[in-house]
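Engineer: Spelled out from the first residue to the last, the chains are:
2 protein chains.
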Amino acid sequence: MLAFTGSRLDRADHIRADPDRLAGMMNWKARLLALDGLMPGTDDAGCLAWGTLADAPEDAEFVFLGLDVSEEGQGKPCFAVVPPAGDAAPRMANPQLWSLMATMRPDDLALYGGARSIVDWHARHRFCAQCGGGTKIAKGGWQRECTSCGASHFPRTDPVTIMLVEHDGRLMLGRGKGWPEGRFSALAGFVEPGESIEEAVMREVLEESGVRARDVTYIASQPWPFPSQLMIGCHSHADDDALTIDETEMAEINWYVRDEVEAALSGDGPFVAPPPHAIAHHLMKWWIEK
Amino acid sequence: MLAFTGSRLDRADHIRADPDRLAGMMNWKARLLALDGLMPGTDDAGCLAWGTLADAPEDAEFVFLGLDVSEEGQGKPCFAVVPPAGDAAPRMANPQLWSLMATMRPDDLALYGGARSIVDWHARHRFCAQCGGGTKIAKGGWQRECTSCGASHFPRTDPVTIMLVEHDGRLMLGRGKGWPEGRFSALAGFVEPGESIEEAVMREVLEESGVRARDVTYIASQPWPFPSQLMIGCHSHADDDALTIDETEMAEINWYVRDEVEAALSGDGPFVAPPPHAIAHHLMKWWIEK
Chain Z
1 MLAFTGSRLD
11 RADHIRADPD
21 RLAGMMNWKA
31 RLLALDGLMP
41 GTDDAGCLAW
51 GTLADAPEDA
61 EFVFLGLDVS
71 EEGQGKPCFA
81 VVPPAGDAAP
91 RMANPQLWSL
101 MATMRPDDLA
111 LYGGARSIVD
121 WHARHRFCAQ
131 CGGGTKIAKG
141 GWQRECTSCG
151 ASHFPRTDPV
161 TIMLVEHDGR
171 LMLGRGKGWP
181 EGRFSALAGF
191 VEPGESIEEA
201 VMREVLEESG
211 VRARDVTYIA
221 SQPWPFPSQL
231 MIGCHSHADD
241 DALTIDETEM
251 AEINWYVRDE
261 VEAALSGDGP
271 FVAPPPHAIA
281 HHLMKWWIEK
Chain P
1 MLAFTGSRLD
11 RADHIRADPD
21 RLAGMMNWKA
31 RLLALDGLMP
41 GTDDAGCLAW
51 GTLADAPEDA
61 EFVFLGLDVS
71 EEGQGKPCFA
81 VVPPAGDAAP
91 RMANPQLWSL
101 MATMRPDDLA
111 LYGGARSIVD
121 WHARHRFCAQ
131 CGGGTKIAKG
141 GWQRECTSCG
151 ASHFPRTDPV
161 TIMLVEHDGR
171 LMLGRGKGWP
181 EGRFSALAGF
191 VEPGESIEEA
201 VMREVLEESG
211 VRARDVTYIA
221 SQPWPFPSQL
231 MIGCHSHADD
241 DALTIDETEM
251 AEINWYVRDE
261 VEAALSGDGP
271 FVAPPPHAIA
281 HHLMKWWIEK
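Protein chains in written order, with this note's numbering: chain Z, 1 to 290; chain P, 1 to 290.
Derived from the structure by calculation, the hints contain no laboratory data. There is no bait here: all hints are sound.
Any copy, or any two copies together, can satisfy a pair, since identical chains are not distinguished.
With a straight-line Cα cutoff of 30 Å, these simulated DSSO-like cross-link-like pairs (lysine-lysine) come out:
{"#": "1", "residue 1": "Lys177", "residue 2": "Lys139"}
{"#": "2", "residue 1": "Lys76", "residue 2": "Lys136"}
{"#": "3", "residue 1": "Lys76", "residue 2": "Lys139"}
{"#": "4", "residue 1": "Lys136", "residue 2": "Lys29"}
{"#": "5", "residue 1": "Lys177", "residue 2": "Lys136"}
{"#": "6", "residue 1": "Lys29", "residue 2": "Lys76"}
Same shape as in the complex, but just chain Z (with noise of 0.2 Å):
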């Protein structure tokens, strides 16, 4: 299964939009997440900690993350509280995040990563692009309105292609600018206004590395709550090994055989592999066993 999917919450749609219900909800059987900032708190058995909503701050913003439709949950409602601050720069998981996330359960993994963006989305979202008023948590936290000029705003999910591109049983994979040394990937970048995700993956795989991709097939996708990105991994061909790549993005860019990739995999290769809980892990595998 790919991380941070398969929550076991349910989303509960029809509660969100219905205020009474809402509140109803808020009762002394709801959880509420363990969140320090954006990083989770964990119980004695490495699992996600919860307390009550007693455990809030009194001006605390509420998120409904859902119900918790698992049979330990017993449909318990869970929500999870806006941190004070957002961060102007949002950044990736940090060390500590890591080795905690390389032991959580999946679901938790899936619940944690979700209430994260969502938390997060609201810290660094309380004033009004529209018109720069304040704005308040609407619609049990999947909505924020402006309390100046009325304009609605929904959390965001930003699409990202993340592409294998072969040529001749060879993947091309790329270390980024910035990237510890012996570190490859997939390459990736946003979609962007106005193009398809298969006119964005042959965009990006040009830019980066000036190699014509076609044939583009959609293989996985998964959510990645750093801050929220929606990964789309797709398939490629290129007709031509010859690369130019670009420096302002990329490090290096290579060529490798499935023997490789198959030893980077199991943590012995030519390079570092990308770890279990990226998607660009499971196309790789995905690759070997085609």
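We have chain Z already, so just place chain P on it with the hints.
Structural biologist: Below, chain P alone, put in the same frame as chain Z:
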């Protein structure tokens, strides 16, 4: 070909980030897309109308759309100007635009759609969501920067799943609340933070119809510039056809056999099918032909 794809512009990302090269593009050869607010101007032949940069107001914010690499375009740099005011509640195309779009050349439509999404984003994001300060255009119009806290803001593209659900040779189609009588299309909904494309499809179908979809596969994608969606077209199967309709979103949901869908697509069926510009039209055709 899917509508709004196949633009003849090379987005020339390397120019955006280089102020000198960007300034060099703002020359007498540069073309300015004629826009009246967000409406396109057209020439006598029904093609997109263009002017020169001199046509822009003195305080104009310019977006560098890219280089027109078609034969007639001769590599000319193309720009658009951000409209003076954004709309707090972005809306669909009006009837005048729908009829214009029906006769536009596909590459003009793609170019216009992409330009519309990006200039509209600027018009609606003149303030910083992080601190409420003013923002200014940056990187040739592919970024805004807060003049107060320094936060960077990027154009938004919202991934939306739109899905065929099939059961026993019949297709689930719905009429949204407020739609004209008789008009049916595929169900659709925004991908939320913390879910994959496949999870979003299953959630939306369950929410709106009460039906559990399985075996989700990707079919095609298309940008949709009202205001800036990435439509992600999928197919899925259902084991059951019993409907529990979400009456806050949907007026009707029905199951249609192949002949009915085919008749509707040719304009003479039991319901009014979506127009060729909509990816739903393409998905329904794909289903008929598969």
